[in-house]
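**Student:** Sequence:
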Amino acid sequence: EKNRLLEIQNRVFARRPVLQGILSEHGDFSLLDYVQKRWAVATAEPDERFLEVIKEETIKLYGRYLAETAVSQLLKKPLISTIDHLGIWNHPFFVNSDLIYSLHFGRKELALVLGTESVSLNNSSWPGSLLKHNKNLILERYSFFPDRDKTLPVFSASSITAADVGRLKKRAGKELEGLPEALDIHAVLELGNFSEQACRASFNLWQSVWLPLETLVLKYLAQVFKDKNNVLSRLILSEQGRRLWQEYFGGGQTFMFWGIDKKGHRISLTKSVLNRDEICQLLLERKIYPSGPLCFAALLKAGI
1 EKNRLLEIQN RVFARRPVLQ GILSEHGDFS LLDYVQKRWA VATAEPDERF
51 LEVIKEETIK LYGRYLAETA VSQLLKKPLI STIDHLGIWN HPFFVNSDLI
101 YSLHFGRKEL ALVLGTESVS LNNSSWPGSL LKHNKNLILE RYSFFPDRDK
151 TLPVFSASSI TAADVGRLKK RAGKELEGLP EALDIHAVLE LGNFSEQACR
201 ASFNLWQSVW LPLETLVLKY LAQVFKDKNN VLSRLILSEQ GRRLWQEYFG
251 GGQTFMFWGI DKKGHRISLT KSVLNRDEIC QLLLERKIYP SGPLCFAALL
301 KAGI
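Under my numbering, residues 1 to 304 are what the sequence shown spells out, in order.
Note that these hints are calculated values from the structure, not bench results. Warning: the hint list may mix true and false statements.
[Said to hold, decoys possible] Think about it this way: if two alpha-carbon atoms lie no more than 25 Å apart in a straight line, the pair counts; the simulated SDA-like pairs of lysine to any residue are:
#1 Lys-226 / Ser-208
#2 Lys-108 / Lys-228
#3 Lys-170 / Pro-180
#4 Lys-2 / Lys-37
#5 Lys-228 / Tyr-248
#6 Lys-170 / Asp-149
#7 Lys-77 / Ile-304
#8 Lys-108 / Tyr-248
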């Protein structure tokens with residue numbers, strides 16, 4: 001068993017050398033001490049524009065008190081989690097990672113989670129489903145969405161309807177008894193899209209503050225673009241910036257942004273597809289959204 005564990009560890013390190021560095025530097029600490037005492041947290045205050053976007057989105061989903069609490073906390077401790085795939089919070093992988101992440105915070109602090117909306121509804125985390133293990137420990141899923149929508153990304157998925165909830169309850173029978181009520185699912189049906197519904201439903205289940213990553217970043221970029229000298233404006237909107245992105249991130253699946261086609265499906269973009277004049281309008285219309293590398297670049301620039 002020990003040799004097997006070492007084999008798995010070496011295979012992981014081959015793909016993610018940074019994890020080997022973490023183990024080498026912090027391996028003598030318990031997980032609790034590593035999370036609470038060894039994480040590096042930025043000391044500079046985050047970008048006010050980013051905090052305004054956070055506040056605006058949090059007010060919409062959770063009300064003014066939690067919004068002001070979140071902003072106040074980020075000013076003192078600009079730390080968030082981006083590990084999650086945005087959806088109903090119930091996959092064991094994310095339950096485990098969020099519980100580890102939450103160890104860093106005290107009882108009166110918020111565990112802020114920015115879940116990615118880029119994953120499809122048929123991702124292995126099954127964002128649009130409720131999950132449970134059966135008696136044989138096989139993971140079973142019960143989807144809110146019909147199969148025809150399974151390839152849509154969370155970003156463009158339509159909202160869950162009362163009919164969707166009824167269909168899920170009928171199929172699940174007593175298998176999920178009480179879980180839709182714990183999510184307070186009927187109270188979130190009024191929200192405009194699945195991203196917002198997933199945030200609120202997951203909050204109801206765990207009482208952590210969830211926000212949609214790509215939505216926050218695209219709204220932050222819309223504010224940043226008003227300043228032509230901002231490094232993100234220069235990187236995204238100038239030819240020189242695009243050449244730099246191509247040089248360092250050109251091997252990615254898409255160029256800076258993902259597109260959304262007329263059917264709501266995610267499509268890859270190339271450098272030639274986007275031009276300076278289109279980007280702001282397409283962001284506002286939710287026809288494009290930032291890729292993973294661009295999201296992380298924006299968060300780092302914002303001081304998070």
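**Student:** Hints first: check each against the structure and report whether it holds.
**Tutor:** Status of the hints after comparison with the structure:
1. Lys-226 / Ser-208: Violated: Lys-226 and Ser-208 sit about 32 Å apart, past 25 Å.
2. Lys-108 / Lys-228: Violated, at roughly 39 Å.
3. Lys-170 / Pro-180: Holds, at roughly 12 Å.
4. Lys-2 / Lys-37: violated (28 Å)
5. Lys-228 / Tyr-248: Holds, because 22 Å separates the two Cα atoms, which is no more than 25 Å.
6. Lys-170 / Asp-149: Holds. Lys-170 to Asp-149 sits at ~19 Å (cutoff 25 Å).
7. Lys-77 / Ile-304: At roughly 9 Å apart (the allowed maximum being 25 Å), Ile-304 and Lys-77 satisfy the hint.
8. Lys-108 / Tyr-248: violated (41 Å)
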